[in-house]
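For chain A, the structure is supplied; the task is to place chain B on it using the hints.
Protein chains: 2
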Amino acid sequence: MVPNQEKPMNGAQSLFKSLVDAGITTCFANPGTSEMQLVYEIGITDAVRPVLCLQEDVVTGAADGYGRMKGAPAFTLLHVACGFANGIAMVHNAARANTPVVNVVGTNASYHQANYPEHELVNGRVSDLARAVSHWCGEARSASHLGELGAAAAALAKTGKVCTIVAPTNCHWDEANPPPTPPSSSGRPQVAPEAIARAAGMLSNGKKTGLVLGNLALQGEALECAGRVAARTGAVLLAETFPSRYLARGEGRPPVDPIPYEFEIGVKFLEPFEQLVFVGSGLPVATFAYKNKPTLKSPPGCDLFAMASADEDLETALRALAEASGATGTPALQPRTPASPPSGELTAAAIGQTLCSLLPENAILVDEAATNGPPIYAATKGARAHDYLNPVTGGAIGGGPPMALGAAIACPDRKVVLLQADGSGMYTVQALWSMAREKADVIIIVLKNDAYAILGLELARVRERETNAKMKSMLDLGKPTLGWVEIATGLGVPATRVGTAEEFHQRFEAALGAKGPQLIECQVSTPKEWFALEEHVHRTR
Amino acid sequence: MVPNQEKPMNGAQSLFKSLVDAGITTCFANPGTSEMQLVYEIGITDAVRPVLCLQEDVVTGAADGYGRMKGAPAFTLLHVACGFANGIAMVHNAARANTPVVNVVGTNASYHQANYPEHELVNGRVSDLARAVSHWCGEARSASHLGELGAAAAALAKTGKVCTIVAPTNCHWDEANPPPTPPSSSGRPQVAPEAIARAAGMLSNGKKTGLVLGNLALQGEALECAGRVAARTGAVLLAETFPSRYLARGEGRPPVDPIPYEFEIGVKFLEPFEQLVFVGSGLPVATFAYKNKPTLKSPPGCDLFAMASADEDLETALRALAEASGATGTPALQPRTPASPPSGELTAAAIGQTLCSLLPENAILVDEAATNGPPIYAATKGARAHDYLNPVTGGAIGGGPPMALGAAIACPDRKVVLLQADGSGMYTVQALWSMAREKADVIIIVLKNDAYAILGLELARVRERETNAKMKSMLDLGKPTLGWVEIATGLGVPATRVGTAEEFHQRFEAALGAKGPQLIECQVSTPKEWFALEEHVHRTR
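Protein sequences, first through last, are from chains A and B. Counting in this note's numbering, the first sequence runs from 1 upward without gaps. Counting in this note's numbering, the second sequence runs from 542 upward without gaps.
With the rest of the complex left out, here is chain A (with noise of 0.2 Å):
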């Protein structure tokens, strides 16, 4: 047999080597026939760590989390139109996150698909779907062609962009040249400096102002210069409602306070400003809109000025913004803030408290806790530093499981600790099985409170009577009760159940001292004031 080296590559080699070349070293997977020549790839060599996962959401919303902490992208290996638009949801999360991914989707030799075997669409392509979700998407035209395709996804993916590309069977197994070179980054666009004068002068008239900051501006400097700007000019520090990326807060950090998820809450925190200054975040506009309401939650008059996209260069924005400000003294740090055991009942709340006291420095907080996150947030703000990952960047749910996953891979030495809300934990709970192959330093905290809780207010803002029982069984989840204990055994991951505040400090202590995936399942209510506000919307209607 003639050794590989002297055979001439192949697409798939071509495709994997441009990836690898890139410095790209973490697969997630779930691979099919269209995709056996990657794995053969992957399995001869050690460059690469892949990470099966059961189901495609699971594979993407995992990259979505690897990518937002590495800061650099994993590729996901998906098969066909339908294995990549099971992983769609979680595409979009990270699209919207401006995560860097890079997306290989396997599919039919090209010549074949015309013939309509099985996995043919009715109606489209697989580039349609990718197309649709993604910033980028190259479908193959040849064995070459791919690992042009990969360096090019590949650089762009690390300017913050999902990047997918769509790979024929026959572009793998045909012969094809090397890649090209890795291109080298053009850096991310400069803020213009009219931009960056038109903020400062903002920042100095005087007016009850918000400097509102997402992605890239929510983590090192470029939050500590926006610091220094709110401690100058006292503007406060907002964050947009789903933070991209992750935001650093805890003790010794700025502190920030994301735009409330829920509109009339939202409203009323944006009510006393009279202008916001957006750096790296979008409009505060509703996630939905509803009858007769409006569509931002800022006041009416206020004046909004995005200085930066999250495409543009954050921190040197924010450098520059600092120094126009005269901010040259440093900024409010969140001091650490004393927390004892909780007792008594075991709510949202006493497990912020214990998560405010227990959390070690450095820790990774997953938020999907959805109506019970907010009680948690408020609490944990003068815990350790930390960094906290929202999912749901996209709106999509079920991304807590996969990115608390991601996460964990993607930082092996930090704890990682999910929020996970019941209901939208269901939608990747195949997450645990990877967690306990993978031994994923997460614990995940179940939030169950037997219901899509949000869906009763947004109920409320539509029904003219009383919800009933069959409107109820549309958003209830407890009959039956789901066994998160049962399911995580189930799945290979150790899991206790906990009825009061004490159970549970006492079982996240013990959990901190050990290695490996933990579940640990809290039976919560939802909070009473969100029972007020379902009240309120539905008079107000």
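Hints are computed from structural coordinates only; laboratory data are not their basis. Cβ atoms here follow ideal geometry from the backbone N, Cα and C, with glycine treated the same way. Do not rely on the hints blindly, as some may be mistaken.
As the list claims (entries may be wrong) - Lysine-lysine pairs mimicking DSSO-like chemistry, simulated, CA-CA at most 27 Å apart:
{"#": "1", "chain 1": "A", "residue 1": "K472", "chain 2": "B", "residue 2": "K1056"}
{"#": "2", "chain 1": "A", "residue 1": "K472", "chain 2": "B", "residue 2": "K980"}
{"#": "3", "chain 1": "A", "residue 1": "K479", "chain 2": "B", "residue 2": "K980"}
{"#": "4", "chain 1": "A", "residue 1": "K515", "chain 2": "B", "residue 2": "K1020"}
{"#": "5", "chain 1": "A", "residue 1": "K470", "chain 2": "B", "residue 2": "K558"}
{"#": "6", "chain 1": "A", "residue 1": "K293", "chain 2": "B", "residue 2": "K1020"}
{"#": "7", "chain 1": "A", "residue 1": "K17", "chain 2": "B", "residue 2": "K1013"}
{"#": "8", "chain 1": "A", "residue 1": "K17", "chain 2": "B", "residue 2": "K1011"}
{"#": "9", "chain 1": "B", "residue 1": "K1013", "chain 2": "A", "residue 2": "K439"}
{"#": "10", "chain 1": "B", "residue 1": "K980", "chain 2": "A", "residue 2": "K470"}
{"#": "11", "chain 1": "A", "residue 1": "K439", "chain 2": "B", "residue 2": "K1020"}
{"#": "12", "chain 1": "B", "residue 1": "K1011", "chain 2": "A", "residue 2": "K7"}
{"#": "13", "chain 1": "B", "residue 1": "K548", "chain 2": "A", "residue 2": "K470"}
{"#": "14", "chain 1": "A", "residue 1": "K291", "chain 2": "B", "residue 2": "K548"}
{"#": "15", "chain 1": "B", "residue 1": "K558", "chain 2": "A", "residue 2": "K515"}
{"#": "16", "chain 1": "B", "residue 1": "K558", "chain 2": "A", "residue 2": "K472"}
Unchecked claim - If we take Cβ atoms under 10 Å as the criterion, some of the chain A residues that face chain B in the derived model are:
{"#": "17", "residue": "H135"}
{"#": "18", "residue": "W173"}
{"#": "19", "residue": "L475"}
Quick look at chain B alone, frame taken from chain A:
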């Protein structure tokens, strides 16, 4: 308060009325904010039974199972682009099976989409996704249009089409006209007499002939006519690889053999045939193209004639074909084959033997057994009369659990038996919860071989060296092993694990005596022939 009937109708009411007027009585749902007005309409009336599912592939896969058994559509309720995307795989299986389905996808208010709230895609719209995988897609331009789309979709769906309605929330709440009267069905197009004459001519030319049936040709009078033709002409009754809709089989039905899925086995199976006549089935194309292999399973030179497509009136066509062939006699019918209880090792064949012995008359057998399917199919040839459903019509896996759920909802008085491979079953494991909730009368037999076994074969086609541990790690489900009993218990379904053929037989018999879902976890090896084939394809690659 003014009573409802004096108020003008809104768009949600017009849409709901259009679906109810068309006879739709069941809704599989995973609603979100943009579907709340339909949740309300379903809730205040008795017309429609809502079935909540915890992930969207369960919603759409259940609608596929329901539509196949009912011959009429249910409607689905899905939330925005990502909720629809989560269900695309099973929408696609349904579309490739020509199952009647109406999907309703809520979206943000049309006037709010350009504001780019979270759910908007970075590079496309809901309808881009919906159009690619549906036979028909309509997006409402107004509230009245919503009712018009409902009437059109329901009528078209009945002819075996997947129809998707994209419904912006402002079209739900705006005032609307009542929906138009449901259009009367125009019936299916008739097969041209010339085509029937040509098929009849082929059937009498003395060549070895296969009559390949698909879709509605596999049931009822159509199948009986085909059986008469076979008895008269000596043609062999074959079926498309994954029978769309369902296949009536067992005692008293004309026996039909589907063309095997696996390429080499399929080629061997079709080798004897000099001509194939297709009635409601596509040509026998390989599911995947392989390097230097043909893309058709039929032998070179075999005469292929597509007499009728799945869209046409197959029953009338087969009646005419029987007449043209002088096939007035009785068809050869499958006799009941006695089967004694199996003993010893728990294998797929042993499970088939139990089913042959115990499967009750009129049962519904859903087959997503993957590599363990063929031995069970072979062993149940002479079981009592039953209907056979195969979800993999579009190649997407995970259809088994939702299809069994949907079939059980459609046919509450029939026992449903699901043969479920472990890898596929994990994609849509959430279906178990809906089965528990709805008391669906399903026996779930999990065929647990701890692997995506089919992929070992596919890897063997492309690998140049032996499979190593790293490659295996991308195909293997054994680390950790999946605890189906625990998972099912957590989802509310009683479950047991059996280790021998005797235990399985006993457990299955007991399950037949009870109502409601029950799961039996069976540790079975991948059949030995499969590994022999793996060796063969590797050698001849």
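Each hint tested on the structure:
| no. | hint | verdict |
| --- | --- | --- |
| 1 | K472/A with K1056/B | holds, 26 Å |
| 2 | K472/A with K980/B | holds, 18 Å |
| 3 | K479/A with K980/B | holds, 11 Å |
| 4 | K515/A with K1020/B | holds, 18 Å |
| 5 | K470/A with K558/B | holds, 18 Å |
| 6 | K293/A with K1020/B | violated, 52 Å |
| 7 | K17/A with K1013/B | holds, 21 Å |
| 8 | K17/A with K1011/B | holds, 18 Å |
| 9 | K1013/B with K439/A | holds, 18 Å |
| 10 | K980/B with K470/A | holds, 17 Å |
| 11 | K439/A with K1020/B | holds, 11 Å |
| 12 | K1011/B with K7/A | holds, 23 Å |
| 13 | K548/B with K470/A | holds, 23 Å |
| 14 | K291/A with K548/B | holds, 17 Å |
| 15 | K558/B with K515/A | violated, 56 Å |
| 16 | K558/B with K472/A | holds, 21 Å |
| 17 | H135 | holds, 6 Å |
| 18 | W173 | holds, 5 Å |
| 19 | L475 | holds, 7 Å |
Checked against the numbered hints above, the structure breaks hints 6, 15 and satisfies the rest.
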